[in-house]
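Chains as they are written, first to last, in the working numbering: chain A, 1 to 113; chain B, 114 to 227.
Calculated directly from the structure, the hints in this document are not laboratory data.
You may find that some hints are simply not true.
What the hints assert, rightly or not - Calculated pairs, BS3-like style, for lysine-lysine (alpha carbon to alpha carbon, straight line, at most 27 Å): (1) K131(B) - K37(A); (2) K5(A) - K100(A); (3) K135(B) - K38(A); (4) K38(A) - K153(B); (5) K122(B) - K153(B).
What the hints assert, rightly or not - Computed list of chain B residues with no C-beta within reach of chain A, every gap over 12 Å: (6) V117; (7) S175; (8) P179; (9) V226.
Here a beta-carbon is modelled for each residue, glycine too, at the ideal position from N, C-alpha and C.
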Amino acid sequence: DQQVKQNSPSLSVQEGRISILNCDYTNSMFDYFLWYKKYPAEGPTFLISISSIKDKNEDGRFTVFLNKSAKHLSLHIVPSQPGDSAVYFCAASATSGTYKYIFGTGTRLKVLA
Amino acid sequence: DTEVTQTPKHLVMGMTNKKSLKCEQHMGHRAMYWYKQKAKKPPELMFVYSYEKLSINESVPSRFSPECPNSSLLNLHLHALQPEDSALYLCASSQGWPSSYEQYFGPGTRLTVT
Chain A
1 DQQVKQNSPS LSVQEGRISI LNCDYTNSMF DYFLWYKKYP AEGPTFLISI
51 SSIKDKNEDG RFTVFLNKSA KHLSLHIVPS QPGDSAVYFC AASATSGTYK
101 YIFGTGTRLK VLA
Chain B
114 DTEVTQTPKH LVMGMTNKKS LKCEQHMGHR AMYWYKQKAK KPPELMFVYS
164 YEKLSINESV PSRFSPECPN SSLLNLHLHA LQPEDSALYL CASSQGWPSS
214 YEQYFGPGTR LTVT
């Protein structure tokens, strides 16, 4: 039972355009969400997080949006750069529960120059 | 310094071997984690240590034995593994547990069991 899903295994975007990566979750207890980026042969690198008390969080080119009623979050990257090409994982945790991260299956983003 | 280091980077071992994976962080974090990641799958939590004590064991088989000698070091001792245990093993650390702090990951050890 996959509690965190990323339904797009891959995404290609032109350099300078917006990349939108999506993530859906099923467990209504999840209230803290994170995005990680992973290059080949490296561990995941933390990008940005959002608590369920907010619906948006920005950090430079990266913005995460949370829609609690739809149990959906998205990561926007604007403008996209070739160096953003990587696998992106969303992760969710329940701060009233075990705080374990449950990761999505990942989306491979390719930014075309 | 937000670096988590792991050694070795690659490990090939037979089913009768005993080996250990090592992880180190110098960020003063008090929580450390082991994850297992199979190809094209998300990382899956195996163990959580908080203040050098085992807090979570996700029903991991006993052929995997974690150890936290001090707050900076985390080991994973391997014995009598099966070929299906071949995977990328990731170590991570965070400021504390339980908490919603972000976790910092090492580059992983790619393990192949023959």
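Hints, verified against the model:
| no. | hint | verdict |
| --- | --- | --- |
| 1 | K131(B) - K37(A) | 33 Å, violated |
| 2 | K5(A) - K100(A) | 16 Å, holds |
| 3 | K135(B) - K38(A) | 21 Å, holds |
| 4 | K38(A) - K153(B) | 12 Å, holds |
| 5 | K122(B) - K153(B) | 19 Å, holds |
| 6 | V117 | 7 Å, violated |
| 7 | S175 | 21 Å, holds |
| 8 | P179 | 16 Å, holds |
| 9 | V226 | 20 Å, holds |
Hint compliance for this structure: hints 1, 6 are not met, and every other hint is.
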